[in-house]
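Using the hints, position chain G against chain P.
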Amino acid sequence: MSRRADFPLLVRNPDLHYLDSAATSQKPAFVLDAMREFYETSYANPHRGAYALSVAATDQYDLARSRVAQFVGLGDRDCLVFTRGTTEAINLVATAWGRRNVAAGDEIVITALEHHANFVPWQQLAAQQGAALRICELTQDGRLDLDCLRSLLSLRTRVLAFSHVSNALGTINPVAEIVALVRDVSDALIVCDGAQGVPHLPVGFDELGVDFYAFSGHKMCGPMGIGGLLGKREILEQMPPYQMGGDMIEFVHDETTTWNELPHKFEAGTPNAAGAVGLAAAAEYLDSIGMENVLRHEQQLVSDAYTRLSQVEEVRIYGPTPRERSGVISFTLGDVHPHDLATILDGDGVCIRAGNHCAQPLMRRLDVSATARASFYVYNDESDTDALIEGIMKAKAMFGHAAV
Amino acid sequence: MPLSDRGAQIAGLYQEMILDHYRRPRNKGVLENADASVTMKNPLCGDEIVLHVAFDGETIRDLSFSGRGCSISQASASMMTQLIKGKTTAEIDLLRARFREMVMGGAAADDASSLGSLRSLSGVSKFPARVKCALLAWNALGTALDERPA
Chain P
1 MSRRADFPLL
11 VRNPDLHYLD
21 SAATSQKPAF
31 VLDAMREFYE
41 TSYANPHRGA
51 YALSVAATDQ
61 YDLARSRVAQ
71 FVGLGDRDCL
81 VFTRGTTEAI
91 NLVATAWGRR
101 NVAAGDEIVI
111 TALEHHANFV
121 PWQQLAAQQG
131 AALRICELTQ
141 DGRLDLDCLR
151 SLLSLRTRVL
161 AFSHVSNALG
171 TINPVAEIVA
181 LVRDVSDALI
191 VCDGAQGVPH
201 LPVGFDELGV
211 DFYAFSGHKM
221 CGPMGIGGLL
231 GKREILEQMP
241 PYQMGGDMIE
251 FVHDETTTWN
261 ELPHKFEAGT
271 PNAAGAVGLA
281 AAAEYLDSIG
291 MENVLRHEQQ
301 LVSDAYTRLS
311 QVEEVRIYGP
321 TPRERSGVIS
331 FTLGDVHPHD
341 LATILDGDGV
351 CIRAGNHCAQ
361 PLMRRLDVSA
371 TARASFYVYN
381 DESDTDALIE
391 GIMKAKAMFG
401 HAAV
Chain G
1 MPLSDRGAQI
11 AGLYQEMILD
21 HYRRPRNKGV
31 LENADASVTM
41 KNPLCGDEIV
51 LHVAFDGETI
61 RDLSFSGRGC
71 SISQASASMM
81 TQLIKGKTTA
91 EIDLLRARFR
101 EMVMGGAAAD
111 DASSLGSLRS
121 LSGVSKFPAR
131 VKCALLAWNA
141 LGTALDERPA
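From first to last, the protein sequence lines stand for chains P and G.
The opening position of the first sequence corresponds to residue 1 in this note's numbering, with each subsequent residue numbered one higher.
The opening position of the second sequence corresponds to residue 1 in this note's numbering, with each subsequent residue numbered one higher.
Honestly, the hints are just simulated from the structure, not real lab data.
Hints may be right or wrong, so weigh each one.
Computed list of lysine-lysine pairs in BS3-like fashion (alpha-carbon distance at most 27 Å, straight line) [stated by the list, open to error]:
1. G:Lys-132 with P:Lys-394
2. G:Lys-132 with G:Lys-28
3. P:Lys-396 with G:Lys-126
4. G:Lys-126 with P:Lys-394
5. P:Lys-396 with G:Lys-28
6. G:Lys-132 with G:Lys-85
7. G:Lys-28 with G:Lys-41
8. G:Lys-87 with G:Lys-132
This is chain P alone, in the form it adopts within the complex:
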């Protein structure tokens, strides 16, 4: 069901094998057209002007919020705060909620799988507030060790932050089980990094049971610079604002200010309305395929790639079996450094990521400085895996019996 024909960049580059969608996805014409349409028909500053064009821009922005909220299974659409992306969404929670609610003696639990964006904000919050940071370790095959998690949770736990899907290994974490473990022993805030969740599998926020869920538009066929934070209303309402400025205020007196209602309280300044329109179009595009189908397609490709890579001598694959992962496969090839491998593959138009995948704590635990990572999406098919394997064989031949 490859959707390659929907993506202008891929159509223009028929020899390109784009296998870096975990970093960012390509954009379908449907999204690009929606943004152009917005700029050409409805563009003005939302929430500002009394004139019809500004009202049209406001309507488009509101409609985008409704569509995206629906896509992620959020009934109360005002509990979707548009952000620049996952990073800003997590920083918003760690700063606005964290500084008010985390105190000395409290504990923040994160996991060894986390992207730096869901690691560093909590590490720094803990340091600022005098709280302790606890890290849930992993099983041999790169899944969260739930026994370890259970042992870390207590009445002192104030926050649990974890990823829905690992960007480096593709591991899909059992959200419901994790939420149950936490709720059993504490009233900790549960924050889920969904940067690799929303783009690749069906997400229903209202059923997940987490308090906050963050995601990015650019990894799910939407534009860069837009993403969202989903939260529970009672928590969002009690939280102080994150940034101050226009739109997020109600009345500004000389000495004091009152805040606008949700979601505006957390959206200071002119919003990225075109980005929101693009993100809504991306949601509509993915809906037209069906997220179950997206997941099935990726798992088929990753399962095939897993089998074929396993057969290449000197390839070592990291992470769980294909059944427990989304369309991400991280590996190393003997003594060939992942950066050399990525450069050689680039020569054949195969784009993979090499490096630590913004997950240095995970790399330390895997005892590697870097891995090569191929990640699949709706526009990939078996020919991309063919090119990947071919490039790997070429690198093997080039480096021969490298002994370092």
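Frame of chain P, contents of chain G only:
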């Protein structure tokens, strides 16, 4: 750029000389009695080089490197240690500037004849993402010179 051109550039990047130094690095290991040991990391890829330098007045008497990294960073370090051994700091400053110029694409490899085998790294200039790898050991060398005993 057509893929065939990119393929040719990659063949130009991974010359046998580079692969040979990657497979059999020269002057690799910790140097006994080093005056300075400088660690240089590339946070992008996690590569790390430690350069060990022993001075004799204004001359680098001996040097070696340890650490791990890609073929470009390892080969660059290996060839650099061969070239630098026995050179004065003034000579080294000149070589550093030439090498930097070459990998940044500022000078043709012909103008860089004093760089010897390191000219095999001239192809790096076509790969902006890899210039840092080639410069890792050289940046460590710069720091070692700055920190040398008075």
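Indices of hints not satisfied (ascending)
Going through the list in order, the structure violates no hint and respects every one.
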